Amino acid sequence: MLYTFFKARPSWFTLAKADKSRAIAEYLVKIDDFKNRLTIRAYSTIGLRRDTDFLLWLTSRELPPIQVLTEGLRTTAMAPHLDNTYTYLAVTRESQYVKAHSDDEAVVTMQPGQSKYLFVYPFVKTREWYLLPIEARRRMMAEHIRTGHRFPAIRINTAYSFGMDDQDFVVAFEGDDPKEFVTLLMQLRETEASRYTVRDTPQHTCARRPLEDILQALG
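The working numbering puts the first residue of the sequence shown at 654, with every later residue one more than the last.
Bear in mind the hints are in silico, worked out from the structure with no lab data behind them. Note that the structure is a prediction, hence the values are computed from the model and not measured. Do not take every clue at face value.
Below, computed lysine-lysine pairings styled on DSSO-like, alpha-carbon distance capped at 30 Å [claimed, not checked]:
(1) K683 / K660
(2) K769 / K832
(3) K673 / K778
(4) K778 / K660
(5) K778 / K832
(6) K688 / K778
Taking CB as the label site, the calculated pair distances span [unchecked claim]:
(7) K670 / Y813: 39 to 47 Å
(8) I699 / R746: 29 to 37 Å
(9) Q749 / V851: 17 to 25 Å
(10) D704 / A789: 35 to 43 Å
(11) G872 / K769: 17 to 25 Å
(12) S664 / E796: 44 to 52 Å
(13) Y849 / Q767: 30 to 38 Å
(14) T854 / D736: 44 to 52 Å
Backbone N, C-alpha and C define an ideal beta-carbon position, used for all residues, glycine too.
Based on the provided sequences and hints, a complete structural model is requested.
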C-alpha cells in the first residue's frame, strides 16, 4: 500500500478556469481506470496541514498496480502543478505480538472503513526495542493493545515498512471524532512501550471526501 500526499503548486492558481476543469477531468479519468485493480481512497488535508492538500491511500495485493497508477498520474496535465510532498510505502502482515493474546485482545488488521477522518503517521522504534526478549515486548504490547481497545470507535490500521521505506511502520487511525483520537494518543503515550519510540512524525489529519470535490477545492 501507499499513502501519497500532494500539494498544489503556485502555478495551479494561475491557470484559467477552463484549463483547471480539463486537468481535473483527466486526472479523475486516470483514477477511474484503476479502480478495478486497486482500492483508492481520497482525503482532503486543505486547512489541516500547511504542506499538503490531499492524500491518496492506495491499497493492492501487489505493488505493480500502485506503481503503474503513479506513473500514469505523472503524465496528466495536472501533474506539473502538484508537489508530491510525502509518500509512505508499506505492506500488511500478521503481528508477532497479537498472536500471543486471546481473542479478547485487539487484532491489528488492515480493514479500511468509512470514517470521516484518517490520522496517519510514520513510526520508528529504537533498536533497543528489537533487542528485548520477545516475551517482554509482547507484555508491553499487550498493554498498548488494551489501551486501543478502550476506544472501539477508532479503527487502528498498522502496516509494515521494514526495508521498504524510511520508517518501521505506518499507522493509520480511522474515526469520526478528532477529540477521541487525541485522547487515545495521549493514553498511548503513557504506556511502557512508548519509551521505545524514536519518531512518530509528521502526523497527518485527513478528512474523507470525494476526490472530485477535493480537486475542485484546490482553488
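Consistency of the hints with the structure:
About 18 Å separates the Cα atoms of K683 and K660, which keeps this hinted pair within 30 Å; it holds. At roughly 13 Å between alpha-carbon atoms, K769 and K832 fall within 30 Å of each other, so this suggested pair holds. At roughly 43 Å between alpha-carbon atoms, K673 and K778 are farther apart than 30 Å, so this suggested pair is violated. Our distance criterion of 30 Å between C-alpha atoms is met by K778 and K660, whose separation comes to about 29 Å.
With a C-alpha separation of about 26 Å, the suggested pair K778 and K832 falls inside the 30 Å cut-off, and the hint holds. Using a Cα cut-off of 30 Å, the hinted pair K688 and K778 is violated, with the two alpha carbons roughly 35 Å apart. For K670 paired with Y813, a C-beta distance near 44 Å keeps the hint of 39 to 47 Å intact. The supplied range of 29 to 37 Å is met by I699 and R746, whose beta-carbon atoms lie about 33 Å from each other.
Between Q749 and V851 the C-beta distance comes to about 19 Å, which sits within the given range of 17 to 25 Å. Evaluation of the 35 to 43 Å hint for D704 and A789 yields a pass: the beta carbon distance comes to about 38 Å. In this structure, G872 and K769 meet the distance hint of 17 to 25 Å, their C-beta atoms being roughly 23 Å apart. The hint said 44 to 52 Å for the Cβ distance between S664 and E796, and at roughly 50 Å that hint holds.
In this structure the hint that Y849 and Q767 lie 30 to 38 Å apart at CB holds, the actual value being about 33 Å. As the Cβ distance of T854 to D736 is approximately 19 Å, the hint placing it in 44 to 52 Å is violated.
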